Amino acid sequence: MFDAALNGLAAVAAWPAIGYLFLGVLLGLWFGAVPGLSGLVGMAILVPFTFAMEPASALAFLLGTFAVTTTSDTIASVLLGIPGTAASQATILDGYPMAMKGEASRAFGAAFTASAIGGLLGAVVLGLSIPLVQPLILSFTQAEFFMLTLLGLAMVGALSGNSVLLGLIAALIGLGLSYVGYSENGALPRYWLGATYLLEGLPLIPVVLGLFALPELIDLAARGGTLSSVPKERVSSGITTGIADALRNWWLMLRTTAIGAYVGMLPGLGGSIVDWVAYGHAVQSSKENEGFGKGDVRGVIAPETANNAMKGGALIPTIAFGIPGSAAMAILMGALLIQGMTPGPDMLTTRLDFTFSLVWMLAIANVAGALLLLLLARHIAKVTFIRGHLLVPVIVVFVFMGSWLANNSIGDWVVLLVFGSVGYLMKRGGVPRPPMVLGLVIGPIMENALFITNSVHDGLEWLARPICLVIAVLIAASIVFAFLRQRRMRTQTKAPVRERGAVDPTASLLAAGLLLAASIWGLAPTFNWPADVGQIPMLTFILAVGLSLIGVWHSVRAIRQAGADGSDLFPSRPEWGHAGHLLLWWLALVGITVAAGQLIALPAFAALYVIVKGRQAWWTGALYAVGAWVLLYGVFEHIVGVLWYPSLLFH
Amino acid sequence: MPRLAAIVLGGWLVALTSVANPTEVPFYQGKRITFLINFTAGGPTDIEGRIVARHLGKHIPGNPRIVVRNMPGAGGIAGTNYMGQVAKPDGLTVAFFGPPLTQQLLQDSGLRVDLSEFVWLGGIGQPLVCFIRKDAGGGIEDAQSLPGLDEFKAAGIRPTTSLDLRLRMALDLLGAKYRYVSGYRGTANLVAGIMQNEVQYSCGTILTFHQIIEPNLIRPGVAATLWYFPVTDADGQQVPDPRLKGIPTFIDVYESLKGRKPEGPLYEAMRLINNYSVAMQRASFVPAGTPSEAVGALRRAWEALPQDEGFVAEYTRLVKAPPDLVQATAVQAHVAAVRGIAPDTVAVIKQFLGGP
Chain A
1 MFDAALNGLA
11 AVAAWPAIGY
21 LFLGVLLGLW
31 FGAVPGLSGL
41 VGMAILVPFT
51 FAMEPASALA
61 FLLGTFAVTT
71 TSDTIASVLL
81 GIPGTAASQA
91 TILDGYPMAM
101 KGEASRAFGA
111 AFTASAIGGL
121 LGAVVLGLSI
131 PLVQPLILSF
141 TQAEFFMLTL
151 LGLAMVGALS
161 GNSVLLGLIA
171 ALIGLGLSYV
181 GYSENGALPR
191 YWLGATYLLE
201 GLPLIPVVLG
211 LFALPELIDL
221 AARGGTLSSV
231 PKERVSSGIT
241 TGIADALRNW
251 WLMLRTTAIG
261 AYVGMLPGLG
271 GSIVDWVAYG
281 HAVQSSKENE
291 GFGKGDVRGV
301 IAPETANNAM
311 KGGALIPTIA
321 FGIPGSAAMA
331 ILMGALLIQG
341 MTPGPDMLTT
351 RLDFTFSLVW
361 MLAIANVAGA
371 LLLLLLARHI
381 AKVTFIRGHL
391 LVPVIVVFVF
401 MGSWLANNSI
411 GDWVVLLVFG
421 SVGYLMKRGG
431 VPRPPMVLGL
441 VIGPIMENAL
451 FITNSVHDGL
461 EWLARPICLV
471 IAVLIAASIV
481 FAFLRQRRMR
491 TQTKAPVRER
501 GAVDPTASLL
511 AAGLLLAASI
521 WGLAPTFNWP
531 ADVGQIPMLT
541 FILAVGLSLI
551 GVWHSVRAIR
561 QAGADGSDLF
571 PSRPEWGHAG
581 HLLLWWLALV
591 GITVAAGQLI
601 ALPAFAALYV
611 IVKGRQAWWT
621 GALYAVGAWV
631 LLYGVFEHIV
641 GVLWYPSLLF
651 H
Chain B
1001 MPRLAAIVLG
1011 GWLVALTSVA
1021 NPTEVPFYQG
1031 KRITFLINFT
1041 AGGPTDIEGR
1051 IVARHLGKHI
1061 PGNPRIVVRN
1071 MPGAGGIAGT
1081 NYMGQVAKPD
1091 GLTVAFFGPP
1101 LTQQLLQDSG
1111 LRVDLSEFVW
1121 LGGIGQPLVC
1131 FIRKDAGGGI
1141 EDAQSLPGLD
1151 EFKAAGIRPT
1161 TSLDLRLRMA
1171 LDLLGAKYRY
1181 VSGYRGTANL
1191 VAGIMQNEVQ
1201 YSCGTILTFH
1211 QIIEPNLIRP
1221 GVAATLWYFP
1231 VTDADGQQVP
1241 DPRLKGIPTF
1251 IDVYESLKGR
1261 KPEGPLYEAM
1271 RLINNYSVAM
1281 QRASFVPAGT
1291 PSEAVGALRR
1301 AWEALPQDEG
1311 FVAEYTRLVK
1321 APPDLVQATA
1331 VQAHVAAVRG
1341 IAPDTVAVIK
1351 QFLGGP
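Just so you know, the sequences run in chain order A and B. Residue numbers are given in our numbering: position 317 of the first sequence equals residue 317, and the series is strictly consecutive. Take any residue in the second sequence, count from 1 to its spot, add 1000: that is its number in our numbering.
These are computed hints drawn from the structure, not numbers from a lab. All values derive from a computational prediction rather than experimental measurement. Built from N, CA and C at the ideal position, the CB exists for glycine as well. Do not take every clue at face value.
[Unchecked claim] If the Cβ cut is set under 8 Å, some of the chain B residues that face chain A in the computed set are:
{"hint": "1", "residue": "T1040"}
{"hint": "2", "residue": "V1067"}
{"hint": "3", "residue": "I1077"}
{"hint": "4", "residue": "G1110"}
{"hint": "5", "residue": "K1153"}
{"hint": "6", "residue": "V1181"}
{"hint": "7", "residue": "R1185"}
{"hint": "8", "residue": "M1195"}
{"hint": "9", "residue": "Q1211"}
{"hint": "10", "residue": "N1216"}
{"hint": "11", "residue": "P1220"}
{"hint": "12", "residue": "E1314"}
Model the full assembly from the supplied sequences, consistent with the hints where possible.
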């Protein structure tokens, strides 16, 4: 075993494998940093280049890329409030408020350190668990999976700030959104509005970018100032503070490493949930947790440790059983197969050297990627002190192209804009957005697992399985904890701050009304569907209708209260003007794309925006246009290989 | 009459110059082909497509660059609709698909185009191999003890896929006692379910079989191989696959258990689904109206692939079996056959699915 570990290291350290590893790290950092791109996109692009390489070089190249996307995805999450990849959504909750306080450098210091340590320990877990892996993975059947998804939903309590009720409604609507398209079991499509685009369901990335990125862009544009509300001179904490923060919370890092590695190991759950579970755990396990959601550094450390530790865990079922837990792992497995390696018991016996090489690659890549970013963090953080109007066009190009990558269809942009509007209303109305994403992610896994469990077992016998019982206890504990925490916070603070920014009672009522309307609309057709297709949506939406009614009632009461106090009922009126204004810009962008394609529309948008809104000289606008075009043509056309919109003029 | 002669002569001259003129620029000179795949990056269709894309270009005069793009969605339907409704017939967008033939057969409402209208270039065949856990239903070593087995669970992906249809129809024909569990999200989850003994029986393509099932289930002694579904020729005779030597065909198993060859409407439906599914596990096509020069160049490139040692070696390393390349005429015939299937066969399949 020890020999195998050493031989594995020797194979990685040899030229050219080590060179490819570092090249992969550089590319991976880039793929992770750009919202909408991800390790998955990166690996799909890079995998054909590995066909002609030696096995060690090929895997070093791919694993280097794969390992560090969850390190650099912190950048967009912290600076812009936009998840860099699906695994860094929870990082936004505290990372973005830190940036607004001028503490971006500190957040980076903590996040990159946490990523390095999480990634390193995750690799160690991978190395150590090689002999124990089989019973662990084999004990998680679909019944345990179903219980695990329920636990994920119970985390909603921790993720919903002060309002467990609104959080639950958002989670239920998120579940409802996940039912769009072909049902997991029957051949009957649900809520598809007659659009082929929706048959496969709502794509995650455009929804997430819509819910999170567009509202932040609107606020950035409305403020007109810089992202950080504190001037650069007054910020004292820097990268070293962040590194110290991370190291001081070593026990939290250890626990979230374990969470990351084990969630990663379970095929199918993976990246889009691990950060939430780790974040929820950090909140639930902290005695002083009132600062979470307002810029608590632990809210950055926990998800960033877990999402790197997950990578080691994810490799295990892929290598040991040929069961890739995620699309990125499926690509990696394809690369292994092309290299003549067969995932399975051989990888743990005759090919153990090579398996250890993979462990080393992960470990080295994680440390190298984090060190590089720590060196650059000071410069990256400067973005928070740049004027918003200069940033908006750049972010818009990335956000729109990131969404476009989902299906290469104009539907991606429609989804982006619709959820941008919904997200803005939710933000203004104080309805937490993370639970909606969680519901959307968990929904299909939950429904699928329950369906299979029901057809495999008779009745509810599966509930008595030991692991199911343990998870059930955890679920109950999470729910009790969430309500206790809410009560404690109510007594401590008189005016509940639900989410960053002021809560507007009118927007709140509108949001609650919208959720109620959506629930009723979702419930209506379920009565006509066969049980295997309609039962779970029916249950979800009955709950959603009930809770939304309470939500609306709360909102009405809040408005009455505000009216009686004589305070403004619609304080965010001016912001809505800005939002409408920016929405018109985006609609124009879509219009020009339909007419002339993205290669003209996006550069034109960037130039015009920076000239008109940013009040820059025409040549700055020209520079923006050229930059955008080079990015689109050089990266998205040539490297990523997107299918552009077939415009009226150039089709 | 002289006019006719002039036309014939003129046509002949044109044909001659277009073929013989050595200075003529090939159609694909300096052009770029978008190789569209209708499933996500990393899936089996994608991996095979990327291997084909790497090698096809060098057999096309003008050596065009080939860029792979994925358009997943709706079980492969989204990309198919795109090829029929959006892609220009300029020879620059070439599909490498897991073609949704069963959806066409069952008249899926999402499919907006007729597959027989595409111009087909070639395909790659992959047979389906079935296996069962040895501890299923009281214990089983090979297909012979299947009929006496207690109830076991058969795992599939979605009721309307050709995988689920075939794996269930086979059990029904043999009269096995089983409970059907569908809904596994892809081969990986299905294999996990079998390892966990949540379900016991399923089938996989030759790639899945050699790369996942054999090393993880067969060789460790957890599961036994049952049979594979052979292609049948025009007379209904089976055409054994040399790559699966040593594994009995379903027809052999049926004959040894029942003492006669399989027949009847259900078997006919299964035979039909199997024939096009095996021959066109993956298939390549361009939109109708694509210039004949482009079609000719692409078809000749497909014809050259079986002799391409680099391609064959790479594919063999991936699948652990050499590629079964199907040429344009055969593929086109299969698509036409699906189009021309008798309504009562479709009715049998729909009835089998529990529909109207």
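Hint check:
1. Given the 8 Å rule on beta carbons, the hint for T1040(B) holds: about 6 Å separates it from the nearest Cβ of chain A.
2. A cut of 8 Å between beta carbons decides the hint on V1067(B): the least distance to chain A is about 5 Å, and the hint holds.
3. Because the closest C-beta pair between I1077(B) and chain A is about 7 Å apart, less than 8 Å, the hint holds.
4. Using the Cβ-Cβ criterion of 8 Å, the hint placing G1110(B) at the interface with chain A is satisfied: the shortest such distance is roughly 5 Å.
5. Against a cut-off of 8 Å between C-beta atoms, the interface hint on K1153(B) holds, since the closest Cβ of chain A lies about 6 Å away.
6. Nearest Cβ of chain A to the Cβ of V1181(B): about 5 Å, under the 8 Å cut. The hint holds.
7. With its C-beta approaching chain A no nearer than about 6 Å, R1185(B) sits inside the 8 Å limit, and its interface hint holds.
8. Interface restraint check: M1195(B) against chain A, minimum CB-CB distance 6 Å, threshold 8 Å, status holds.
9. A distance limit of 8 Å between C-beta atoms decides the matter here; for Q1211(B) the minimum to chain A is near 6 Å, and the interface restraint holds.
10. Because the smallest distance between the Cβ of N1216(B) and any Cβ of chain A comes to about 5 Å, under 8 Å, the interface hint for this residue holds.
11. For P1220(B), the interface hint holds, the least distance from its beta-carbon to any beta-carbon of chain A being 6 Å, beneath 8 Å.
12. The criterion of a C-beta within 8 Å of any C-beta in chain A is met by E1314(B), whose closest approach is roughly 7 Å, and the hint holds.
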